[in-house]
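Sequential numbering of the sequence shown, starting at 1, is according to full-length UniProt numbering.
These aren't lab readings, by the way, just hints derived from the structure by calculation. Do not take every clue at face value.
In the SDA-like style, the derived pairs of lysine to any residue whose C-alpha atoms are separated by at most 20 Å in a straight line are [claimed, not checked]:
#, residue 1, residue 2
1, 158, 344
2, 347, 336
3, 218, 172
4, 197, 286
5, 316, 162
6, 107, 316
7, 293, 201
8, 121, 109
9, 326, 203
10, 198, 290
11, 301, 213
12, 137, 360
13, 364, 138
14, 198, 107
15, 107, 392
16, 158, 381
17, 197, 213
18, 170, 313
19, 326, 172
20, 325, 137
21, 225, 290
22, 381, 102
23, 213, 203
Simulated DEER-style distance windows between Cβ atoms [unchecked claim]:
#, residue 1, residue 2, range
24, 399, 120, 35 to 41 Å
25, 199, 276, 27 to 33 Å
26, 399, 367, 45 to 51 Å
27, 366, 388, 21 to 27 Å
28, 165, 351, 31 to 37 Å
29, 160, 120, 57 to 63 Å
The model shown is predicted, which means the values in this text are computed figures rather than measured ones. Even glycine gets a Cβ: it sits at the ideal position worked out from N, Cα and C.
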Amino acid sequence: CGPWSCSSRSLQNANGCKRISSGRSLAQGVCGGWGCRGIRANSEGGSHGLGFHSRSCKHEGIRAVHVNESLLQPLDVKIDPEIQHIRKQEREQMKSLNNQFASLIDKVQHLEQQNRVMATKWDLLQKQVLPSQKNIKQVFDDFICDLQRRLDSLLHEKGQMEPELNDMEKLVEEFRCKYEQEMNRRTAAENEFVLLKKDADCVYLAKAELEEKVETLKQDIEFLKCVSAQEVDELERSPRGTSVVVKMDNSRDLHMENVLRSVECWYEGIAQKSKAELDALYRTRFQELEEAKGRHCNALKSHQQQMEELSFVIQKRQCDLENVKKQVSSLQTSICDVEQRGDCALKDAREKHVELQNALQKAKDELACMLRDYQELLNVKLALDIEIATYKTLLEGEESR
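All chains should be modelled from the sequences, with the hints used to inform the complete structure.
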């Protein structure tokens with residue numbers, strides 16, 4: 001009897017590739033007196049080999065035959081207890097290998113299920129990512145187009161409002177110039193009114209002085225009348241109370257009454273003439289003063305009316321100026337609001353764009369991780385397929401043996 005050799009297994013994994021080699025050899029040698037027979041079975045990497053080796057003699061002529069007496073003795077064919085022990089160990093090893101094989105089969109099934117799940121997820125991701133990328137790009141394009149339209153509309157409104165603003169500024173400048181002109185006119189009118197008031201005061205003072213002169217002249221006339229009356233009375237009385245010797249020419253007739261009457265009439269005529277001249281002079285002066293007063297009153301009324309009209313126009317221009325200022329401030333406020341809203345919208349769009357880019361990059365990273373996991377699972381599956389094929393070959397070799 002010869003020795004028995006047990007099976008050996010080796011599992012090696014390097015750089016993501018797995019190689020399983022298992023070898024089992026069985027050799028038995030029987031020697032007898034006629035020669036030696038050898039049987040050996042080798043299995044490695046899923047291949048079996050069976051070889052019979054026997055001694056051969058070269059026929060180089062006829063030789064003498066020698067018989068070994070020891071070979072003619074009967075062989076001892078008793079069962080060796082070591083062989084039973086070895087077979088028991090082999091059965092235990094086969095059981096453990098079967099258990100390992102069953103666990104590997106379960107693991108392979110589980111990995112195949114995971115592979116199918118990952119393949120399904122991969123298909124779903126491929127179906128979802130590309131439309132989502134298209135949708136994201138479309139959303140970005142639509143949003144950018146919307147922002148561009150808003151910006152164009154705002155620029156168009158700004159372009160429309162700039163001429164209006166220029167017109168308003170020109171109108172405000174014209175109103176300012178008119179207001180300054182009206183203020184200058186008002187100042188000139190006030191100065192002229194002051195001068196006219198001074199002239200009116202002077203005229204009023206002159207009128208008062210002339211009235212006082214008229215009163216004094218009236219008093220003088222009355223005094224002169226009284227004096228003339230007294231003189232006349234004295235003249236009338238003086239001949240009666242005095243004795244006058246007068247040589248008279250009887251040939252001549254002297255009428256004193258006529259003389260006195262003529263003197264009285266002469267004085268009365270002089271007084272009436274001077275009174276009439278004074279009355280005419282004062283009436284003429286008074287009429288001139290009344291006419292000047294009327295002219296000045298009319299001018300004053302016209303100036304007052306012009307001042308009222310100018311004040312009304314100034315108030316109207318001030319109201320228009322305030323309205324224009326309010327419109328300009330409201331337009332500036334609206335322009336600032338529109339610019340702020342545009343800046344906020346652009347900033348929000350940029351932030352959303354950055355967020356979507358980050359989300360897209362994150363999805364790409366997750367997809368790359370899934371691809372790496374899928375590739376690793378494929379490598380594991382291939383290694384398991386190789387291992388399964390190896391074990392299958394080994395089992396077939398054991399069964400055939």
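Hint-by-hint comparison with the structure:
1. 158 with 344: Between residue 158 and residue 344 the Cα gap is close to 18 Å, so the pair holds against 20 Å.
2. 347 with 336: holds, 16 Å
3. 218 with 172: violated, 66 Å
4. 197 with 286: Between residue 197 and residue 286 the Cα gap is close to 19 Å, so the pair holds against 20 Å.
5. 316 with 162: violated, 25 Å
6. 107 with 316: Distance of about 97 Å is beyond 20 Å: violated.
7. 293 with 201: holds, 10 Å
8. 121 with 109: Holds, at about 18 Å.
9. 326 with 203: violated, 51 Å
10. 198 with 290: holds, 16 Å
11. 301 with 213: violated, 31 Å
12. 137 with 360: holds, 11 Å
13. 364 with 138: With Cα atoms ~19 Å apart, residue 364 and residue 138 stay inside 20 Å; holds.
14. 198 with 107: violated, 125 Å
15. 107 with 392: Since the Cα atoms of residue 107 and residue 392 sit roughly 16 Å apart, the hinted pair holds (cutoff 20 Å).
16. 158 with 381: Since the Cα atoms of residue 158 and residue 381 sit roughly 68 Å apart, the hinted pair is violated (cutoff 20 Å).
17. 197 with 213: violated, 24 Å
18. 170 with 313: holds, 19 Å
19. 326 with 172: holds, 12 Å
20. 325 with 137: violated, 46 Å
21. 225 with 290: violated, 31 Å
22. 381 with 102: Distance of about 16 Å is within 20 Å: holds.
23. 213 with 203: holds, 15 Å
24. 399 with 120: 35 to 41 Å: holds, 37 Å
25. 199 with 276: 27 to 33 Å: The hinted range 27 to 33 Å holds for residue 199 and residue 276, with Cβ atoms some 30 Å apart.
26. 399 with 367: 45 to 51 Å: holds, 46 Å
27. 366 with 388: 21 to 27 Å: With Cβ atoms ~32 Å apart, the hint is violated.
28. 165 with 351: 31 to 37 Å: holds, 33 Å
29. 160 with 120: 57 to 63 Å: Holds, at about 59 Å.
Hint compliance for this structure: hints 3, 5, 6, 9, 11, 14, 16, 17, 20, 21, 27 are not met, and every other hint is.
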